[in-house]
Amino acid sequence: MDQSRERMREALEESEEWPEPMEELIKKKNRFLVRITLGFLGVYFALPLGILFFPNGMALEVFHHSTVAWAMAFFQFVVIWGLGSLYYFKAKRFDQRMEKAAPWRRKT
Amino acid sequence: MNLTYFLFFLAILFGTLIITYWASQREKTTRQFYVMSSGLTGMQNGLAIAGDFISAASFLGVTGSIALNGFDGFIYALGFLGSFLPLFFLIAEPVRNLGQYTIGDVIYFRFPEARIRLLTSMSTMLVSMLYMIPQLVAAGLVIRFLLHVPYHLSVLIIGTLMVIYVVFGGMMATSWIQIVKTILLLSGAFLMVLILLSRFHWNVLAIVEQIPEKSPLSDRFFRPGQLFAHPVDALSLHLSLIAGTAALPHILVRFYTVKDRLAVRQSVLASIWLIGLFYLMTLILGFGVVLLVGTSPLVAMDPSGNLAAPLLADALGGDFFAAFISAVAFATVLAVVTGLVVTATTSFAHDIYNHFLKKGKATEPQQLKAAKMAALIIGTFAIGLSLCMQNMNATFLVSLTFSVAAAMHLPLLILTLYWKRFNSTGAVSGMIAGFAASFICVLLGPAVMDPDHGLIPHPAIVPLEYPGILSIPAAFLAAAAGAWLSKPHSDDARFRLLRFQSHTGIRLEPKDF
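One line per chain: the protein sequences are Z and C, in this order. Throughout, this note's numbering is defined as the position within the first sequence, counted from one, plus 4. Throughout, this note's numbering is defined as the position within the second sequence, counted from one, plus 841.
Since the hints were derived computationally from the structure, they do not count as laboratory data. Note that beta-carbon positions come from the ideal geometry of N, C-alpha and C, so glycine has one too.
Straight-line alpha carbon distances no greater than 30 Å define the calculated DSBU-like cross-link-like pairs of lysine-lysine that follow:
(1) Lys1100(C) - Lys1202(C)
(2) Lys1200(C) - Lys1100(C)
(3) Lys1100(C) - Lys104(Z)
(4) Lys1213(C) - Lys869(C)
(5) Lys94(Z) - Lys31(Z)
(6) Lys1100(C) - Lys94(Z)
(7) Lys96(Z) - Lys1100(C)
(8) Lys1261(C) - Lys94(Z)
(9) Lys1100(C) - Lys33(Z)
(10) Lys1261(C) - Lys32(Z)
(11) Lys1100(C) - Lys31(Z)
(12) Lys1100(C) - Lys32(Z)
(13) Lys1261(C) - Lys33(Z)
(14) Lys31(Z) - Lys1261(C)
(15) Lys96(Z) - Lys1261(C)
(16) Lys104(Z) - Lys1261(C)
FRET-style restraints, in silico, Cβ to Cβ:
(17) Phe855(C) - Gly46(Z): 48 to 54 Å
(18) Ala1277(C) - Gly46(Z): 27 to 33 Å
(19) Trp85(Z) - Ala852(C): 33 to 39 Å
(20) Gly46(Z) - Lys1202(C): 45 to 51 Å
(21) Ala63(Z) - Trp863(C): 50 to 56 Å
(22) Gly46(Z) - Ala1141(C): 41 to 47 Å
(23) Ala63(Z) - Ala1334(C): 54 to 60 Å
(24) Pro953(C) - Leu64(Z): 53 to 59 Å
(25) Gly1225(C) - Leu56(Z): 38 to 44 Å
(26) Glu103(Z) - Gln1051(C): 54 to 60 Å
(27) Ala105(Z) - Ala1047(C): 54 to 60 Å
(28) Glu10(Z) - Pro953(C): 16 to 22 Å
(29) Gln866(C) - Trp85(Z): 35 to 41 Å
Computed footprint of chain Z on chain C, listed as stretches where at least three residues anywhere in the stretch have a Cβ under 8 Å from a Cβ of chain Z:
(30) 917-930
(31) 1044-1050
Isolated chain Z (complex conformation) (with noise of 0.2 Å):
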């Protein structure tokens, strides 16, 4: 195991892409990784936001004294939710194909 941790390390220093699947890999998980965060801080950041600059909307009764905002509050609850479990899934899949792309096997 020594030894191939030397020779992916060699390989990692000298190469500018290596190895290619890996490269495109990680880049699509990083790209998955900021539109979920960018996601999410909208839908986040859309209740402060709202409160901010549309008081009235905010303010308007859906149902037995619960407000936009309530509404708005425990929709968070379920998107935090949501995304924590969506993330778990996927990040399995992606250790899964970069698994497959990359040329070594996992020891550990």
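Once you've looked at the hints, dock chain C against the given chain Z.
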């Protein structure tokens, strides 16, 4: 002193000391002391992380804040929960894959320079200390009320206990105390919710209907605008919470206590669900406080509403139940400050003592000795400061903690992990600017400057309680400017190595790991 309360506190004391004794029998190496040899499962670590998050501030503070401020108190809690996702997506796994014991390891992986490790370690210790003191102060005040022990004595008891746990039990005692406490806390809160709902014949709408009659806020209870003078302040608070909580070192080091990145993901996912459910429960509990305790008795006991949970327990289940919930609150404070001590200790012993002073050549016994000495000194220092602060308002330390964590650690971690052009000059300038911006903003802000009861009796110059909206962009800008203006000695090969290791979890470095 009430005997029921006393017995419950003794139970917590004995329980935690038994855990510590059991841990001390097993901790022989530094790896065991710092990260318990990565021996936790994902679920166990999830419980521990949830425990770190549900600190006294959330359990005692959020329940009280919802009772007093309604909607604003509730969305405050959302900030803590929301910060988990950026942490989960961008930071948790790379931290686990690149480091051994500390955040210093992660940054050092990219920039192998002694000064970087030193600075990162100092900021870790600073943030942990800053966070420890308000927890100790709040704990002292709560214990004084519950057990009728003088403030000084209660701070001394908690401080001594946290040092004992760390010195003898290290990370193993810390983790297990945290896990047991989370289970106690969640079940206690769940029980309270059940009793409360049964009182109202399981009709949540009936509870909601009665609130405007009982709360002095009346209909405004359900509307935003109670807690914050200005909505920009609310926005800045959310930014500070979401960026700061994700960068608290005592949360990040928890990722070293599991064996691989899959377990890291399991632990974060478990904690997101647990914390979310917990905050939904605090919402109902906050409503219950309004109806069954009333806001004026609550404020009469403690103006910030910190005693809401024990008071509600008393109203729901009498003295016995109140004693149980108070003991759980005590355990909560204890577990969180212990986690902070162990984080600061590890950072000192590993980063500063072993790597900076001894150039990585300290032996195992030497490192363990340094760690235990450090725990003793850090603990004593925190106790001393907390004793001095009894009559001071410690809230500025909380806002300083989150601002410093958000502005010093978050830009540093994000840019180090993802920006190819970043270099060590940028890292240093970002950290220094982040610290300076947070410090100045808090110093000129309403937490310190206040005409009536501030440390400086003058209207605040920066009218933001949490200055994240200023300090975080300032730190990012300074870090980017530092990297652009200095010579481009960012090492491409190192960055490739970092990317590979952080995405695959295959350790190419450090070699002796």
